[in-house]
Amino acid sequence: MASTACFVIVSKNDIPIYDAEVGSAPKKEDQAYQHQFILHAALDVVQDLAWATSTMFLKSVDRFNDLVVSVYVTAGHTRFMLLHDSRSEDGIKSFFQEVHELYIKIFLNPLYLPGSRITSSHFNTKVRSLARKYL
Amino acid sequence: MDPLRSYLGRLLLEDVTPVVMVLTTPLAEAACRKSGLSFVDMLSPFSLFKKIDVPVRTASDQPYRLQQFKIRMVYASDVRKQDREVADARIKLVVSEANEKALPDLLSDPPQLKDVLNKPEAELCPLWIKKFNRELIRTLSFSDHETFDHPVACLLVVSSKDKEPISKFADLFNANQLPPLLNEGIMDPQILKHYLVLHEQQDGPQEIAVNILAEMRTTLGLNDCKLLSINSSTQADGSDADNSWSTYKAHGLHNHEGTCFLNMDDLNEIKDFMQDFASNHIIPYMEQKIRVLNQQVATTRKGFRNQIKNLWWRKRDDVPEAANGPMYTFTSIESQIRVLSDYAFMLRDYELALSNYRLLSTDYKLDKAWKRFAGVQEMSGLCYFMLDQSRKDAEYCMENAFTTYLRIGSSGQRNATRCGLWWAEMLKTRGQHREASTVYFRISNEEPSLHSAVLLEQAACCYLLSSPRMLRKYGFHLILAGNSYYLSDQKQHAVRAYRNALFVYKQNPWSYINNHVHFNVGRWYGVLGIFDVAIKHLLEVIACSHQSLTTQSMFLNDFFHFVQSTGEKFDVYKLQLPVFNMSSLRVVNEDHRTYASNTDVDVNESIWQELEEELIPSSSVVRTNWLDTQPKSSPFRNNKACVCVAGEAVKLNVELKNPLQISVNVSGISLICQLSTNLNASGAETGALTTAPEEDIANTKPSISTFESDGNNFTVSKLDIVLGGGETKRIQLEVTPKVIGILKLVGIRWTLSDSVVGYQYFEVATQKKNKKGKRGARRSLNTNLIVIKGLPKLTGYIECLPTKAFTGDLQLLTLNLRNQSEHAVKNIKMKISHPRFVIPGDSSDLDLEFPQCLRKHVQSDSNTVSEGTKENVKGSLFAFPQGIKIQGGATFSWPIWFHAATPGNFSLYLSLYYEMESTTDIPYRTLRMHYNVEVLPSLDVSFAISMCSSRLQEYIVRMDVINKTPSDSFALNQLSCVGTKWAVSTLPSRDSISFVETIPANQAVSCFFKIKDLSTSSCIEAADGSCGSDIVLSAGGSTDVFDVSRTPITDFHYQERYQQGKLAKVPRGLLDFILISKAVAVNSSKPEQLLSHHTCHCSALSQNPVWWLMEGPRTITHDFSKSCCEANIQLVIHNSSEHNTTVRVVTSDCMAEKTKTAPSHESATGQGGWYDVSLENDIKAIASTKGAHSQKQSSESISPFVWCSLSSAQVDLKPDSSAKIPLKVCIFAPGTYDFSTYELHWKVHSSESGHVDENVTSGGGQGYPFYVNVLQGA
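These protein sequence lines map, in sequence, to chains X and E.
If you read the first sequence in my numbering, its first letter stands for residue 142, the second for the next number, and so on.
If you read the second sequence in my numbering, its first letter stands for residue 3, the second for the next number, and so on.
Careful: at least some of the hints might be erroneous.
Listed next, the in silico BS3-like pairs over lysine-lysine satisfying Cα-Cα at most 30 Å (straight line) [said to hold, decoys possible]:
| no. | chain 1 | residue 1 | chain 2 | residue 2 |
| --- | --- | --- | --- | --- |
| 1 | X | Lys169 | E | Lys508 |
| 2 | E | Lys1245 | E | Lys1226 |
| 3 | E | Lys394 | X | Lys200 |
| 4 | X | Lys153 | E | Lys508 |
| 5 | X | Lys153 | X | Lys200 |
| 6 | X | Lys168 | E | Lys508 |
| 7 | E | Lys72 | E | Lys133 |
| 8 | E | Lys659 | E | Lys720 |
| 9 | E | Lys493 | X | Lys169 |
| 10 | E | Lys291 | E | Lys52 |
| 11 | E | Lys36 | E | Lys163 |
| 12 | E | Lys538 | X | Lys169 |
| 13 | X | Lys246 | X | Lys153 |
| 14 | X | Lys169 | X | Lys234 |
| 15 | E | Lys493 | E | Lys508 |
| 16 | X | Lys153 | E | Lys116 |
| 17 | X | Lys168 | E | Lys493 |
| 18 | E | Lys94 | E | Lys132 |
| 19 | X | Lys200 | X | Lys267 |
| 20 | E | Lys659 | X | Lys169 |
In silico negatives: residues of chain X with every beta carbon more than 12 Å from chain E [said to hold, decoys possible]:
| no. | residue |
| --- | --- |
| 21 | Pro167 |
| 22 | Thr194 |
| 23 | Phe198 |
| 24 | His218 |
| 25 | Thr219 |
I should point out that these hints are in silico values taken from the structure, not numbers from a laboratory.
Note that CB positions come from ideal geometry on N, CA and C, so glycine has one too.
This is chain E alone, in the form it adopts within the complex (with noise of 0.2 Å):
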C-alpha cells in the first residue's frame, strides 16, 4: 500500500503542514465577523490545495512537483502550548457530542457476529474516534522540541477603515504579542511576513484600500503586500451565497448567524489570494530556507572532519546539564538542523528530513536530551514509513521514540500518546493489527479514563480485524473501555461498548464474565432510562446460583428496582426464576380412571392395567364386527389426546427451584390453557402447533393476555408460596374445563415478588417423536385433552387403615365411597391387589363390634360363608351385591378386613370399578386407591411335630414362639387347629397350660402339646370338651375363644395357606394351625388389638407310611432253672399311607454296630424343609443325641436273648389297616432286656404310577426299645 494514501499518510500530510501565523487587526476581525466568520475561518476552507501542481527543488538538484498542499492558519495568540485541561474539556467535548448520537442505536439490537464481519473496515470504529485522535494528537501542538508547527510564515491583516495602517502593521507584529516561542528564542522571529489589507465593498469603492495598498508597497515591500476585498453582497443574506458556500462547508467553515455577506466574487479572490500565497510565497521562502541550512549543516557537520570536530566539542561541552538536556536555542546548530529537517518533511523530500534527523538523533543522545531525542526517532520512524522503507527500522524509531518518553515521565507522556497513535497507526496500514492493538492497549494505560477508554475501544476494533480474528480479545478489550467509559462518566458509551461485546459472550459458560456483561449492561440501560432492555438483561443474572448471597441481592436489588421504575407488570418469556423443572412435568387428566389421591398418580399405569384386567370389560367387546373398527360414540379413540371430564379438575404436577440463597415470593402460579369448543377447527390447529419448531413458539402463540379472559370456559387455581434459598418445592396446579371441547395447556405463568410475570410454554409433546427409546417422557408431555361431559366420579378412602401394623394384626376397617355427581353409579366391582392383606367383608358385618364379633358363640354357622370366599382365593375379584347402587351425593360404606400377613413394607392397589347409570361417553370408570403398609414382625411362631413313638395317630407338637418387637409384649390367647380332622389337647402330665400368658418384648417360649388325628381312629376323648380343636392359652378360659371357622380368619387362612404352600417344598402337609394372641395394651384406651398367625402346613419330623409297636407284657416271671424263658411279643404294624405296602421285619440276634448308618439322621433329613429353619438345627440336635444314645446302648448289652420263630417275615398291608406279627425271643436269663434288634423294611406299591413321592416308595428303620424286665421266678 502506498504509504501516502494510507490513513497515516492522509493525517500526517494534512497535519504536519506549514503554519502560518495570523495577525488582525480588530477592525479587519470584525468585518468577517459580519458574515458570522473570523478571519481564520473564512481563509481555513481554501488553505487546502488539491492541484497546487508547485515545482520544489530543496537540496537536491532534481526538482519534483508538489501536487497537494495545504497550510495551517493560526492566530497568533493560539501558537502556544495549550493549557492541559482547556485540551481536555476539548476532547471531551467530542466523545459527548458523538455520545448524543450514539443514542438512538443503542435502542436496537446488538450487533451480532456477522454483522461485525460484513462491516467495512473503516466502520468498525466510530468515526469521531478518528476525529478523537486528532484532537489528541492536537494538545502537543506548539512544543518547544519540535519546529514542525512553529509558523513558517506571519499574515498580517489590516482593515481599510484603520487609520493608518502602515503603522498598524508595525504595532500587530509587536514583541509584545507575539507567541512565546518567538519570544523565548526558540525559533527565529525573522520569519515570512504577508501583509493584507481587508476591504469591504459595502463601505465603499475600492480606492482607499488600493491608496493603502500602494502606500503599502512602497514602505514594506513590493511582492509581500494584497489587497483582498470581502462582504460584496449587498443583501443580508444572499441566497446565491448559501449555494456557493455549501461546497466548503465540509471543510468546516459553518455560518452560524445565518448572515453571509460573501458573494461568488468574494470567494474566488480569497481563493486566489490564498493560490498565491501559498504557491509564489510560502513554497519558494521553505525551499530557500532548506538550501541556505542545508549548506550550513554541510559546512559544519558533514564530512569525517566535522564528525571528529563534533564528538570532541560535545564531549568538552558534557558539563552544563539541565533537566530536560541543554537549551537549545535557534541560533543553535541542532534547532537549525531540526527545522531543515522538518522542512524537509513538510515538503515531502522525506530522504533529507531522515538523513537530518539521524544526524540529529546521535547528536541528542550525546547530550541526553531524550525529550528531543525522543522527537527525532519518531519524526525519522515517520520518515521511514512515509519513504516504505525498511519497516524494521521504523518499528525500532517508533518503539525507541514511545519507550523514551515513558521514561522521561509525565512531561513525556502526552507525547508517548501521540507516538503510539501514530505507530499503531503504521502497524494498522502494514496489517499488523495485533500488534496495533498492544500498542493502543500500552497508551490507554498512560491516559486518563476517558481516553484510555476511547484508545482501548480501538485496541479492541484491532483484534477484530486482526487475522485470525480475536473475538475474544476483542470483546475483553470492549468491556475494558466499557468500565472506562463508565468512569468517566460516559454512560451511552459504556453500554455501546458492552453491547458490541456482547456477541462475543453469548451462551457463555463463563459465568462470571456472563453476569458482568449482563449486570453492567442491564444496569446501565437501566440509569439511562432504558427500561425494557435494562430489564431483558438483568433477566440474564438474575438466576445465577454460583454468586455469593450479597451479589445475588444486588441483582435482584436491581432488577426489581427497574421494574418497579417502568410502573407496569412485564411479562417475561422463560423467567429464570424460580426455575421449573419441565422433565418433572406431569399431567394428571382422569378420563374412565380416577384417583383417590394425589400419590397414586404416580404408581405405575402397568400396575393398575395389571390389577384391572379383569376388572374392566376389553375394549375389543364395543365392536360389533371387524369393519366397525372405531365405536362412533367414543371420539377421543381417534387421536391420542387424553380425555378429562367437564367439571373435573385436571391436574399438573411440576418441581420448581429457587437458584439463589435469598428466598424468592412467587404468588399465582397458574396454567394458561386453551379451551376451543369446536372440536375439528382446534385438531387442525394442534396440528400446526405441532410442526411448529420449537423456536417460534413464542411468536406464534398469542400474548398471554388472551387466555385470561376464558373465565366462563374453564377456572385455574393459583397458588402462592415462598421459596426458601436453594429450595425445590413441587406443586400441583389444576384446571378445570365447565363445556366441552379441547382444551390445551399451553404453559406456566406465575408472578415474581408481585412485579414480574413470568410464563413458559409446554414444549410439544411430538418434539420427542424422534427419540424412540425414551418413551416414558411422552405421556406426561400430552397437552392436548378432550373434555367430555360431567360424568358421575366416585371419590373414596379407606378409613383408618394403618401405615404401620404388627404381623399378625387382624383389624376391621371401612371403605367409605362417596359419589359426588348427580347420577348414580352401579355394578361396584373391587379388586385388591394383596388379598392376603385386605379381604372385602359382608355388609353384615358392618354394624359389628370387632374383636367381639369373632368370638365364639353357640349358634355359629359357619360353613356357609366359607363357601363365597373360597372362590375369591384365586381372583381376589369381589363384586358387591347387585342391586347396590350410590346415588348422586350419597355416601356409601362397605366394611374391610385387614390382616398383616408378613412383615414388611407392602403397596396395597384397590381399584374400584363402577358402571353409570345413565349412558355417557364413557361407559364406566375406575377409582383407584394406594396405600403403603409398613408390617413390623411381631411374634415368629413355628411348630415342630413328631411322632409319638408309644401310641400311632398321635403327635407331639412343639411350638416355638418369638417376640421379636423391641418394646411390645403380647398375650396368647388360643391355638387352634383348622379343620375337625385334629384335636389339640395338653400333654396329659399337665391340665392346662396357664402358665404362659404374656411374652416380653425379645423373649421366647415353647409350649408342648398333643395332637390326634381323629378321622382315623375313633376316639373316645373327641366327646368330650377337654380335646377339641382349639385350646385355650389365655386365663380367660373358653368364653375368650375366637372362631377361627368363621369369616375372616378363616378366609384369611386361606390366603395364608395358598402363599405358603407356594413356598413350602412339600405338596401336602399333614395340618395347619393359627396362634391368636392379643398386643398388651400400655394404656387401655386403645381398642384390643388382636394378632393372628397362621402356620399351614405343617408336618411331622419323619413321616413314615409304616407305623409299628411292641406289643407284649412287660415283666415275665419265669423259672430260669428248668428251662430257658420263651416270651411271646407282638409287632404292631400299621400303614398309613394310601397304597398297599409290603413290610417285612427282620430280627437279628446280635447287632453289627459298625456297619450300620444312623438312620434317624437320614429320614431327618429326607423330611427337610417343611419348618422353619431356625428350628431344625435344634430338632436335628435333640434328634441325634437319641440316636446316638440308642446305639450306645444297644452297643453295650450283649444280647442274652434269641429271637427263636423266625428271623424274617413279610405282611402285605392294605392302606389304613393294621397287622400283628407274633414273634417269640428265648431268654436265657433274667434281667432286663430290650428287644429293639430287629429292622423293619417296606415297600410302597403305588398303584396309580408316579403319584407317589420316590423316596417314600421303599424304606426302613429300626426297633424301638422295648424294655422286658425278666425275673427269675420261683
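With the rest of the complex left out, here is chain X (with noise of 0.2 Å):
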C-alpha cells in the first residue's frame, strides 16, 4: 500500500530546516503544496498543546481528511512534524526518538548555526532509513 509520510524539521522560528518525503506513495507536485499547508496550519496546534504536556511526544495533533499529523517537540521548541496517513503509533514515536539523537548531532556540529537548514547529506540517508524502517 502507497503511504504518505511528510516529515519536516520547524526550527523554534517556525521555519522549516529540514523536510522530506519519507512515504512509499509516489510524488507528486501538488501534494509537496498540500502538505507544507497542511502542516504548516498544524504549528497552531502544536503550539497550544506543547505547553500542555510535560512529554516529547505529542502523538497526532491535527488531521486533514485521511491525513494525520503527529509532533514531536525537543527541549529547544523544535518540532518534528510528520504527516502520515499510517497509524501505528509506537514506530512513529520510535522513530522521532531515533530522530531527536540524530538531530542532536547535528546540534552539537560546532560548525551548525542553530536554526539554520539542515543539508547533511548524512543526516538525510539515515532519516530516510529510519523511516523505512518504523513507518
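Put the two chains together into one complex; each comes in its own frame, and the hints tell you how they fit.
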C-alpha cells in the first residue's frame, strides 16, 4: 500500500529547516504544496499543546481528511512533524526518538548554526532509512 | 449571552415561524401587479411584528406574552420541496451577486494582520455569507419529516372584480392545486382558512366589495372573512407613496416598475389586517391545537401504562419496514407529537417542545426512522440551546443528528449541512470557535465546491476568532476556500480569499506555500485583467530556485504573458531575476591610481601602497604650515568621497546569478547615475539621502525615467548577456562622466527578456557605519564620486610577459606605454615589487638582439653599467631618464629584463609614477600593473667545494645538475665564476668537458672542476687563456660564451646574491657561480631560450684558517746496515685567515686510535649549512669513508719510525703568511711509511674583538698522509 509520509523539522522560529517526503507513495508536486499547508496549519495546534504536556511526543495533534499530523517537540522547541496516513503510533514514536538523537548530533556540530537549514546528506540518508524501518 | 439575542436565536425566531399558505385568484394577483408587487410581496413587510404583545397559553395553565412574532407568507405553489438544481442556481446567484461587489475591494491593498484584528467580529465574514447560509437552509423547506414548515393557515384571496367570489373560494381550495403535502396525507388538510376580498379603490366605491364580504360572512363564517382595499392612490406614482414605502423597503419590498398605487391608508389597512390575522387567528389557532394535541398525547403516551403499551406495540409492529422507516401519516401519533412540539417551538414554549421531541426521538429510534430521528434530535438540540440549558446535551443532540444524517446517505446530506450550520452557529454563540470551524470543515466536505468554499471561508473566520488566534489555520482554510471558489468558477471570490490570507504567509519561509499563494493570486488577478497586481504577485515567485523545471517555466511564462498583456514595459524595483549579489559590488574609480587591466583592481590596496611608498610624494609636503591643513587645490579631500576623472570610465563590478534552471535573457544592463554639476547642492543632498532609512529609498528617489535624459553629462555602457540555468556571471558596468561635478551611482537597471525592466538601488554606505568591525565592505559601497577635470592618463602593458617560465629563464621584454590624452606627462618613475624577477633595462637595450647581445665581446666595457644598478638593488626604484616625456597620443617603449629566479607562483607588481606637464587637480598619477607568473623548476644546480689537499689555494668543485622538468632537456652552455678573483678550469686529467652537452628530463649530471684563487697566489696560469673565470661546457667553443659581467646578468646576480645571502647562515661565502644553459628547442621556430642559474655564497666543505702541507723527499735510499735513517721533511703551514694565528705541531710516535675522535666528521658538520641539503649526505658519506679508511690504515701499521727532532713546535703566523717547520724522522727499516702521525693545533688571535666567529678561533687537525718510500741502499 502506498503510504504518504512527509517529515519536516521546524525550527523555533517556525522555519522549516529540514523536509523530506519519506512515504512510499509516488511523489507529486501538488501534494508537496498540500503537505506544507497542512503542516504549517498544524503549528497552531502544536503551539497550544506543546505547553500543556510534559512529554515530547505529542501523538497526533491534527488531521486533515485522512492525513494525520504527529508531532514531537524537543526541549529547544524544535518541532518534528510527520504527516502520515498509517496508524502505528509506536513506530512513529521510535522514529521521532531516533531522529531526535540524529538531530542532537547535528546540533552538537560547532559549525552548525542553530536554526539554519540542515543540509547534511548523512542526516538525510539516516532519516530516510529510519523512515523505512519504522513507518 | 441570552440565546434569543444571539444570531442563531434570531435566525430561529425568523425562520422557524408559522407558514401561511396563500391562494389568490388571477384577478387579485393582477391588482397587486399594478403596483409592481405580488400579493405575498405586498403583505410580507407586515408579517413581522416587533411588538405584538399577545398573551399565549399553551399546555400549562400559566400564560406568557409573546413580544415578537413573525409569520411566513408563501404561495401554495411554493409549498413543495424545492428542486435541487433550482435551489443551487439561486444560491449561486447570491454568491455571484456578491462577486460583483467584491471587485473594487480587490484593487486595494490586501489586509494586514492588524486590520483584520481590529475589525469587528461581524465584519470578518462578508455579510452575504449569512444570506447564503439562510438560502442553503431554505433549500430544505417543506420536507416531509419536519412540520414547522407545514402551513398553519391558509389565506384565500379573491378580487372584488371576480365573478361569483364565493365559488371562487371553493375553487381555490381545490384539492388539485393544493401542495402535495396536503394531498399525500403528510399533513392535516383541515387547516385554518381565512378569506380575503381584495378591492381596488381605483375601480370604484367599496360597495361591491362590502356586499361580497357580507355574502362571504354568511356562507363562510363570520370571523374568517376580511376586506382589504388597495390602490387608493389615483396618481400613477404618488410622491408621498415613495416616502411611505421607504420604511418597508428594508424588508425586501422592492418596487420594480417605479409605479405604486398604494398610499398611506392602504398600507395602514394592510398592517391592521396582518396584525389582526396573526393575533386573532393564527396564534389562538395554534394555542388551541397545542392544547388538543397535548391532551391527546397525554392520554395515549404519557404515564407508565402507556409507555409499556407503546413498547409492546412497537415490538410487534416491527415487521413492515420501508427504506426510510415506516410512513407516518398526519393521523399517526408520531406526526401529531411532532406537530405539537413544532407548534410549541414556534410559540416559544421550548420546554414543552423539548419534552415532546425527546418522547418522539425514542419512538423514531425504535422504528429505525433515522431521518426523522435526526430531525427530532436536531430540534431538541435547538431547544436546549434556546433554553440555555445543558450545553453538553445540546451538543450531543446536534452531533447525534449530524452523524445520523450523514449515515443515511445522500438524502440526508443537505440536512446534515443545515444541522451543521446551526450547530456551528450554536458553538460560535458560546465562543467555541475552534469547534465551530471543525464543524464547518466537516460539512464543507459534503457539499459541492461552491458551497464548500463558502463554508470553508466561514471555518477560516472561526479560526481567527478563536482564542488564541489560529492564524495559520485561518490562512490554510482561506486557501482551501479560495481553491474551491476557483474550481466553481468564482475567480473574484478566489482572489479575495487568497488575498485575505496573504498576511499570514507574508515573508514565509515555507517555500511551497509562498509560491502557491503568490502564483495563484497573481494568475487570477491576471485572469481578471488586473495586470499590475498580478505582476506584483508573480514577481514573488519567478525567482524560485527549488521548483522543478516545468514549474519554473510555467511561472515565467505566465509572468511574461501578463507583462505582455499590459502592452508596456514594466519597471520593477528589486526584480529577483537575475539576482544581483550586492555584497560583490565593487566600484572601481581611477583617481591618481590607474590600473593597467581590470584584474589589477582586485589586488589589495595595501600591497600597492607599500609598493608606492617611496614612489609618490607624501601628502604632507603639500602643506605649507600647520595652519594650512586643507590645501584648497584639492576639494575632494574635504569629504570622503572618491574622485574620478571626467572622460574616464568608472567601472563597477557586480556578480549576478540566475536562480532558475531556465536560461534567461538579460539585456541592457546599465548603471543608474546622477551627475550634479553643482558641488555644494549635491553635497547637501547626499547628506540628506544617507540619513534616510533604507526602506524609503524607493520612495524618495525619483523614478528612474529621469535618469535617462542625462546623456550629455555622462554615458553609461549597456551590456546584454544570456544567463544559463543556475549560472553566475561577473559583469562590469561603466559610466563615463563628461563634465565636472558629483557623480552619484544610484543603482542598476536591466531588462529581462525585453519586457520587464528591473532596477535596484545601492544601499547607502553610511548605513554600515554601525558595524565597526567590518571595514572591508565599506570601500566598495562608496557611491558618490567627485568628477574632476580631465587628466592625462597612461595605459601600459608588458609585451609578451610569460605566464609560465622555467627557473632561470632570462628574457628581454618591452614595456609599452601609451598616453591617450592630449597632454604630456613627465618625470616617470617605476617601482617593481620583485627586482629579482624584473629589472628595467637601458634605453640602448631596446634594439638589441637577444640573446646575442649577451655574448662576450672584445670591447665590452662591463664595469660602467653595474655601478648604477648596484644602487637599485635595495630600492628597486627606477627613474626613467629625466628628459623622457610622453606626449599626448604618443606611445613609448622601454626594455625590461625578465629572469625567473626561483620556482613557484609569483605576483609581480609594477607601479609607474608620472607627473602632469600642466597643473591639474591631481599633480601625479600612478599606473599599476599586476602579473602572475608561474615559475616551473628546471635545473637544480648545486656545488660542493672541497679543499685540495695537495695544493694550497686550490679547490675541487663538484657541480651536480639535476633536470627536474618532466619532458624538457637543457644544454649546458657555460659555468662562470663571478668576479676576477677566481679562475675555473677543468681537472688536469681532461682537457675539455665536452662530454656533457644536454641533460634530458629527469636526469642528473655531476662534473668536477678546479678553481684557483688568483688574488693571493700569483698564478702563472692566469696569464694564458685556459684558466679564465668562465668555462665553456658546450661544443660551440669560446665564441658562444656569454658575458656574465654585463647587465642584465650581473644585475640579476646582485639580486640573487642579496636574496641567497639572506637565506644562508654563513655570513661570507667563498664565491658565486653562474651556470648558463639553453633549452633544447623541440621545434626550431622558437627563439633561443636562455637560462641562467645563480648559485651564490658557495664555500668549501672545511674551511680552516690554517693550511698545511708536508714537503720532503718521497723516496729515500739508505743503508740500514750502517745506521738508522734520518729523513728531513718540512711542514709548510699557511695562515689564510685575517688574523694572527698560533699553530702548534705535535708529533707522536704511536697513535692512540681509541681515544681519538673523528676529526673530519666534526669539521664537516661544523661547516654545515652553506650547500644544498640534498647533497650534504653524499659528501658526508664520502668524507666519513675517507676518515675511516685513514684510521684503519694507521691502526694496522705499527709505527716503525720515530719523530726525532721535537715532539712539539709552535709558530706564530701573520695573516696570509707561511712558515716552514723542519721535522726529522728516524727510520729503522726500509719500507713505506706514512708520516701522518702529527697533529696541528691552532689558535686565532682576534685583534678586533668579537669579529671572528667562535668556531674558528681555535682548532686542530690530523696530519695528511705523507708516504715516503725508504729503500735499502747499497
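Consistency of the hints with the structure:
1. Lys169(X) - Lys508(E): 25 Å, holds
2. Lys1245(E) - Lys1226(E): 24 Å, holds
3. Lys394(E) - Lys200(X): 27 Å, holds
4. Lys153(X) - Lys508(E): Within the cut-off at roughly 18 Å; holds.
5. Lys153(X) - Lys200(X): 19 Å, holds
6. Lys168(X) - Lys508(E): 27 Å, holds
7. Lys72(E) - Lys133(E): Given pair Lys72(E), Lys133(E) holds - Cα atoms ~18 Å apart, limit 30 Å.
8. Lys659(E) - Lys720(E): 18 Å, holds
9. Lys493(E) - Lys169(X): 25 Å, holds
10. Lys291(E) - Lys52(E): 24 Å, holds
11. Lys36(E) - Lys163(E): Roughly 15 Å separates the two Cα atoms, so the pair holds.
12. Lys538(E) - Lys169(X): 28 Å, holds
13. Lys246(X) - Lys153(X): 18 Å, holds
14. Lys169(X) - Lys234(X): 27 Å, holds
15. Lys493(E) - Lys508(E): Holds. Lys493(E) to Lys508(E) sits at ~22 Å (cutoff 30 Å).
16. Lys153(X) - Lys116(E): 24 Å, holds
17. Lys168(X) - Lys493(E): 29 Å, holds
18. Lys94(E) - Lys132(E): Given pair Lys94(E), Lys132(E) holds - Cα atoms ~14 Å apart, limit 30 Å.
19. Lys200(X) - Lys267(X): Cα-Cα ~22 Å, so holds.
20. Lys659(E) - Lys169(X): Distance of about 28 Å is within 30 Å: holds.
21. Pro167: 14 Å, holds
22. Thr194: 17 Å, holds
23. Phe198: 21 Å, holds
24. His218: The claim holds: His218(X) sits with its nearest Cβ about 16 Å from chain E, beyond 12 Å.
25. Thr219: Correct as stated: the minimum Cβ-Cβ distance to chain E is 14 Å, above 12 Å.
This entry satisfies every hint, going by the numbered hints stated previously.
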